[in-house]
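**Q** For the sequence shown, the positions run -19 to 187 when the numbering used here is used.
Be aware that a few hints might be false.
To be verified - Think about it this way: if two alpha-carbon atoms lie no more than 20 Å apart in a straight line, the pair counts; the simulated SDA-like pairs of lysine to any residue are:
#1 Lys31 to Ala111
#2 Lys117 to Thr101
#3 Lys117 to Leu99
#4 Lys31 to Thr110
#5 Lys117 to Thr106
#6 Lys31 to Ile47
#7 Lys117 to Gln43
#8 Lys31 to Ala78
#9 Lys31 to Thr106
Because the hints were derived from the structure by calculation, they are not lab data. Values in this document were obtained by computation on a predicted structure and should not be read as measured data.
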Amino acid sequence: EHWIVPLACGAIVFLGLLNYVGIRESAVLTGFLAMASFVTNLVVLATVSLKLNAAQWELVWDQFRAIDGLETWPLLVGFSGSWLAYSGLESISQIAPALREPRQQTALRAMMMVLIAILLTSPLMTAFSTALLNAQKVNPDRFVFELGVTFGGRYLPMAIVFSASTLLMAAANTAIIGCYHVFLALVRLGYMPRWVAERSLSFHTPH
């Protein structure tokens, strides 16, 4: 764990240099990292599915049927919280100025891709985690990792840790891009001096 802070600081410095080169290059990296995480989730689901017996599948199916026992209000609160966590709605709004024109169609396509990814992975991953793991002994922040440890052998947990770490890098990168556009907006509105928006002669990105 003593490597966490130095590696995190190094990742932030790397993202800063990447954004200095260009926003497009930075966004391409974010897309690649997100796709790697999505593929890893699919591999986890496939690996677990192939190793379950009939009794375990019955436990998983019981998790889906248990939704009938939930009251409407807790169900709506849980759904809205998980949707906000998974959807990246705030990320879309942060990078809206950088979206390709027409922005409305680009944002719609992006959100549809997010919706499909969530529907393909989240319900089954949640059912696997709650039905097949001992929820009282497992850290809920590590459910996917614990599935990999239980069903995937040695290399799948390593892939999960790597994809989760890079996904956090992508989130940090989105924050950097969002901050970039906030500063430019403040300059345009006259709240910050014009020199803040001056651009690099080499890469044409704001300093």
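**Q** If any of the earlier hints don't hold here, list their numbers in rising order.
**A** 2, 3, 6 and 8
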